[in-house]
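Asks: So the sequence lines, in the order shown, correspond to chains H and C.
Note that the working numbering gives residue 102 to position 102 of the first sequence, counting from 1, and the numbers run on in steps of one.
Note that the working numbering gives residue 7 to position 7 of the second sequence, counting from 1, and the numbers run on in steps of one.
Keep in mind that a hint or two might mislead.
A pair holds if it fits inside one copy or across any two, identical chains being indistinguishable in the list.
Claimed, not checked - Simulated crosslink set (SDA-like; lysine to any residue; CA at most 25 Å straight-line):
#1 Lys110 with Asp84
#2 Lys146 with Thr115
#3 Lys117 with Asn40
#4 Lys117 with Val161
#5 Lys13 with Glu114
#6 Lys146 with Glu19
#7 Lys185 with Tyr99
#8 Lys185 with Glu171
If you're looking for bench data, these hints aren't it; they were derived computationally from the structure.
Since this is a predicted model, take the numbers as computed values, not measurements.
Number of protein chains: 2
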Amino acid sequence: MQTTRTTPSRLAKRAHYDEVTIHPILDEALFCTVSYTIENQPMAIPTAFARKGDKIYIHGSVGSHFIRTIENGAPVCISVMLTDGLVLAKSAFSHSVNYRSVVIFATAEKVTDETEKMEALALITDHLVPNRWADLRPTTDSEMRKTTVLAFSLAEASAKVRTGGPNDDPEDLTLPTWSGVIPLKTIRLAPVPAEISKAIPLPDYLA
Amino acid sequence: MQTTRTTPSRLAKRAHYDEVTIHPILDEALFCTVSYTIENQPMAIPTAFARKGDKIYIHGSVGSHFIRTIENGAPVCISVMLTDGLVLAKSAFSHSVNYRSVVIFATAEKVTDETEKMEALALITDHLVPNRWADLRPTTDSEMRKTTVLAFSLAEASAKVRTGGPNDDPEDLTLPTWSGVIPLKTIRLAPVPAEISKAIPLPDYLA
Numbered sequence: 001m002q003t004t005r006t007t008p009s010r011l012a013k014r015a016h017y018d019e020v021t022i023h024p025i026l027d028e029a030l031f032c033t034v035s036y037t038i039e040n041q042p043m044a045i046p047t048a049f050a051r052k053g054d055k056i057y058i059h060g061s062v063g064s065h066f067i068r069t070i071e072n073g074a075p076v077c078i079s080v081m082l083t084d085g086l087v088l089a090k091s092a093f094s095h096s097v098n099y100r101s102v103v104i105f106a107t108a109e110k111v112t113d114e115t116e117k118m119e120a121l122a123l124i125t126d127h128l129v130p131n132r133w134a135d136l137r138p139t140t141d142s143e144m145r146k147t148t149v150l151a152f153s154l155a156e157a158s159a160k161v162r163t164g165g166p167n168d169d170p171e172d173l174t175l176p177t178w179s180g181v182i183p184l185k186t187i188r189l190a191p192v193p194a195e196i197s198k199a200i201p202l203p204d205y206l207a
Numbered sequence: 001m002q003t004t005r006t007t008p009s010r011l012a013k014r015a016h017y018d019e020v021t022i023h024p025i026l027d028e029a030l031f032c033t034v035s036y037t038i039e040n041q042p043m044a045i046p047t048a049f050a051r052k053g054d055k056i057y058i059h060g061s062v063g064s065h066f067i068r069t070i071e072n073g074a075p076v077c078i079s080v081m082l083t084d085g086l087v088l089a090k091s092a093f094s095h096s097v098n099y100r101s102v103v104i105f106a107t108a109e110k111v112t113d114e115t116e117k118m119e120a121l122a123l124i125t126d127h128l129v130p131n132r133w134a135d136l137r138p139t140t141d142s143e144m145r146k147t148t149v150l151a152f153s154l155a156e157a158s159a160k161v162r163t164g165g166p167n168d169d170p171e172d173l174t175l176p177t178w179s180g181v182i183p184l185k186t187i188r189l190a191p192v193p194a195e196i197s198k199a200i201p202l203p204d205y206l207a
């Protein structure tokens with residue numbers, strides 16, 4: 001949703017407020033950074049998350065100072081960035097980055113419904129490793145009691161996206177300097193079994 | 001430096017305060033997230049940066065709301081995370097992430113010395129693409145006037161690092177579930193020339 005604080009002061013043409021842009025970025029990014037404030041001091045914690053509909057979920061220990069600070073509705077800013085490429089222009093000034101980022105302004109809602117809480121934990125697990133949850137033993141009551149799940153609305157989310165090649169000043173176009181894009185990609189390497197799992201076949205969902 | 005706010009409430013054994021741990025994380029990460037506060041609302045901006053000694057530099061447009069908010073010494077929290085692997089345990093609860101993160105609490109010093117400012121821009125450029133700066137035409141006075149460079153001390157920086165395989169509860173060790181690590185890596189793909197640079201040989205530093 002476009003609000004005063006989701007409207008960028010710079011390069012507003014790169015801003016998007018539609019879920020068709022925002023949701024896939026949130027679904028592709030594995031981690032977000034949650035920024036919050038303690039007595040005017042900004043703090044930031046990178047953490048796993050998952051989206052369902054127009055909400056995202058994070059989880060943490062019930063004893064975490066971070067979780068306890070934000071669980072009662074302190075304002076947070078959740079940011080995600082996917083970096084797709086380094087954009088090399090003819091001049092240093094026109095160098096840029098191809099990225100897809102999302103910023104969410106929200107306050108936490110503590111998830112107290114046990115079914116929604118369990119589903120959120122499954123979503124967070126499967127967001128990192130699709131189909132993992134179904135392969136795991138049930139989560140125990142004790143584990144559930146030690147875990148807080150927080151939900152955040154995407155109502156005040158915005159995306160910013162840059163794609164394409166360099167935008168050089170006209171007077172630089174004839175310079176003999178190489179220009180273009182170096183694509184960046186995050187990849188998963190072959191799974192490395194724990195010592196105790198060396199005899200266990202790698203599940204299909206990890207192959 | 002270990003201070004009250006750089007001491008984690010959780011897993012303090014993963015915290016580090018020495019530059020031998022902190023500097024390589026900052027040198028490997030391409031982007032940081034700068035969190036700041038406007039009237040108690042946390043905000044966050046991902047941006048490029050570079051380290052020199054016990055300082056990091058960022059840059060931005062002189063007209064950027066973000067830059068103008070923090071350039072006069074508002075408290076910021078700068079965070080960086082490198083994700084090295086997804087740690088799959090026998091239980092959902094023991095799943096984890098191998099990561100190397102740095103959090104810096106600091107306030108901006110605006111770099112007004114022209115030599116230091118130019119050097120910072122070179123460092124930021126070469127941090128993303130080593131040896132790029134020397135291949136570029138000189139930055140003009142007009143470009144310098146449009147750019148603000150901010151420096152932040154690493155005095156109150158801390159790192160948090162997790163490595164290794166899953167740590168399962170003893171009673172889960174005999175479960176038939178596969179456990180181990182899925183390594184994550186960010187790679188650079190082959191450079192893609194801009195249309196106007198197709199006839200220009202790829203420089204050695206990009207090969």
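Asks: All the hints need checking, so say for each whether the structure fits it.
Replies: Status of each hint after checking the structure:
1. Lys110 with Asp84: neither (34 Å within a copy, 30 Å between copies)
2. Lys146 with Thr115: Cα proximity of lysine 146 and threonine 115: one copy only (16 Å, versus 53 Å across).
3. Lys117 with Asn40: Answer is neither; intra-copy 31 Å and inter-copy 29 Å both fail.
4. Lys117 with Val161: Neither. Shortest intra-copy (32 Å) and inter-copy (28 Å) distances fail the 25 Å Cα cut-off.
5. Lys13 with Glu114: neither (42 Å within a copy, 32 Å between copies)
6. Lys146 with Glu19: neither (33 Å within a copy, 34 Å between copies)
7. Lys185 with Tyr99: For lysine 185 and tyrosine 99, both the intra-copy (11 Å) and inter-copy (17 Å) Cα distances are at most 25 Å.
8. Lys185 with Glu171: Neither way: lysine 185 and glutamate 171 sit 32 Å apart in one copy and 38 Å across, limit 25 Å.
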